[in-house]
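Residue numbers (this note's numbering), protein chains in the order written: chain H, 1 to 167; chain W, 1 to 103; chain V, 1 to 377.
Just so you know, these hints were derived from the structure itself, not from any lab.
Here chain H is said to cover these stretches of chain W; the calculated rule only asks that three of the stretch's residues, wherever they fall, bring their Cβ under 8 Å from a Cβ of chain H: (1) 10-18; (2) 22-28; (3) 36-48; (4) 64-71; (5) 76-86; (6) 89-95.
Pairs of lysine to any residue residues, derived as SDA-like cross-links and limited to a Cα-Cα distance of at most 20 Å, are as follows: (7) K95(H) to L24(W); (8) K163(H) to S159(V); (9) K70(V) to I37(V); (10) K144(V) to T32(H); (11) K95(H) to F16(W); (12) K95(H) to F17(W); (13) K317(V) to L152(H); (14) K144(V) to F79(H); (15) K163(H) to A86(W); (16) K163(H) to I148(V).
None of these values were measured; they are calculated from a predicted model. Ideal Cβ placement from N, Cα and C applies to all residues, glycine included.
Here are the chains, one letter per residue:
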Amino acid sequence: MTYDLIGAVLFALLTIGIVAAAAGVVLINRITAAALFMAFAFLCNAGMFVLLGAETIAMFQVLIYVGAITVLILYGVMFTPQSERAYGLFFQQQKWLAAILVAPIGVAVGMLSFSFRDTGRPLAGGGDLVALATSVFRDFAFPFEIASVLLLAAMIGAIVLVKRDED
Amino acid sequence: MAVPIGAFIAVSAILFFIGVAGVLVRRNAVVILMCVELMLNATNLALVAFSRRAGLADERGSVFVIFVFVIAAAEVAVGLAIVLSAYRNRPTVDVDEVHALKG
Amino acid sequence: MPPGPFGLDPVLWAILRLLIAVLLAVGLVFNGALAQIYLERKIQAIMQDRVGPIHVGPWGLLQTFADAIKLLGKEDIRARLTDHWFFLAAPAIVFSPMLASYVVLPFGPGILGADLNVGLLYLTTLGSMTVLGIVIAGWASNNKYSLIGGLRSAGQLISYEVPQILSLVTVVLVVGSLSLTHIVDAQPGWQILALYLPLAFVTYFTAGLAETNRAPFDLPEAESELVAGFLTEYSGMRWGLFFVAEYGEVTVVSAIATTLWFGGWHGPWTDINPVVGPVLGALWFTLKTYFFVLVFMWVRATLPRLRIDQLMSLCWKFLIPVTLINLMATAVLLLVFPDTHLPVAIANWVLLVLAAAAVPFFQRRRLVALRQRLAAA
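The following block holds chain H by itself, in its conformation from the complex (with noise of 0.2 Å):
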């Protein structure tokens, strides 16, 4: 057994982790089961970004996807409560057709995909924050600036769309 084994093993695992997981949160008609299948998706994607080597960005997943999406979404079924319904409707008869017209676009993007090369010169792990930081702070400052004004713009928006108008 080699590290290089483990490292499959553990691509394996968390592959069937993501699509399980999504697949999950397309067909369980129970809402609140969903979103938790959605948070496990999450955590599988940040297992993803620690196989690629990229800690910061597994980490920064977590903290604002598990941490407060699944949250922010939690609440929002909590407060839409619906009576459950009935499964019937839900694939109707285009289950075929959908699956005939899906599998040759399925294969060409599966083509594609299996089509690029990677350098096999992986990057240093452990600086990976350092130059994340350099990257973020320095090129992109502007982007970064626009995209905290888009966070205040939002943050705003979603207070004053919930406001009660209280007399």
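Add chains W and V to chain H, keeping to what the hints say.
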């Protein structure tokens, strides 16, 4: 030999396809938002895979991923605010029923 | 990869090391929780002028074991729940991030689980995963009061993450690295960072009190409010697991405070011997951490509980502006005087005094009304 980059891109593509299928099929607005988040995660995976493996000097892909995080968070917040205020109007989040603007 | 003892296969040895590390961490957390449950009851008793547990064992030392046996023996009540799996999973989701935080804490020179170069970011990330477990616990209990308690607690935790992270970022600015070993190495001898950044320590401690749901911010789980909030439907060992998670989190917050502001494992005689030195370092670390745990308990015995709106306005209207101003001042001064840390220290102490003086200044109308009411009575 480490895992080839094509495998990561293939996983990203599968995740994106499932996200699109979810947006088209599901009727609950909150679940549609969840599937949009899945699509954004798929793009993040592809960006980081290319950034780490394609041999460029700097890590532009990872920097762009940080901006995608920011925009995804802002979008989910505003999207949920819209869904909640629509729910206050008529107590439903079924997108098939929220068509009051239709002529 | 290094081979194991007796020539064990390297991969097998790596897996075995992982298992041993996890068992050690679990043992550490549970023993710490045992010690802290006893300490809390005794210290609260002493501060409230009573005796505390004295019957079980000498000075009541075995009281925690009696409590644990009682909790294990309780009936597992299952009300008609919203979702059985969520109900079972919630304590685990709250417990796991806390357990995973122990891997980056530097217990001594070289005694460290994993020297991540993003150690502080890792701790912050784990702190934000606890919120999910609490929301699920509130939801799965099928109880309106649990749901409200869970959502309130989640709101409190998310709000107080911001001043916590901003205080940590101030320290990172001065030290220049996110790695916890670098931060400890930047505080040799008596030059602990608390002398340079006291305001950041005070705001981190306050935010840490709120992050761990401890008094005076323990509205979501207090027994007299909302029937214990999101913990209502949990009985027996499930409740015990929530409380072990809380005490573990208190230990982690205290450990971070010691590492960042009080020199971590630094102390006298830590470099006399390659074997005795690290052990002494671990001893100093534990003593300093438990000093802060005792301060947590002291604060719990002293201050009254804050209401939820008072809590939220304290965070958003006081702590966040104070930490932001602190961060800006530190960053600007570090840019203008890149060699010395003295201007940063002066600015921080001035800001601390200003922040302490600002509280009665902003509350002066309420103070005037209070004085009038007291004079009229």
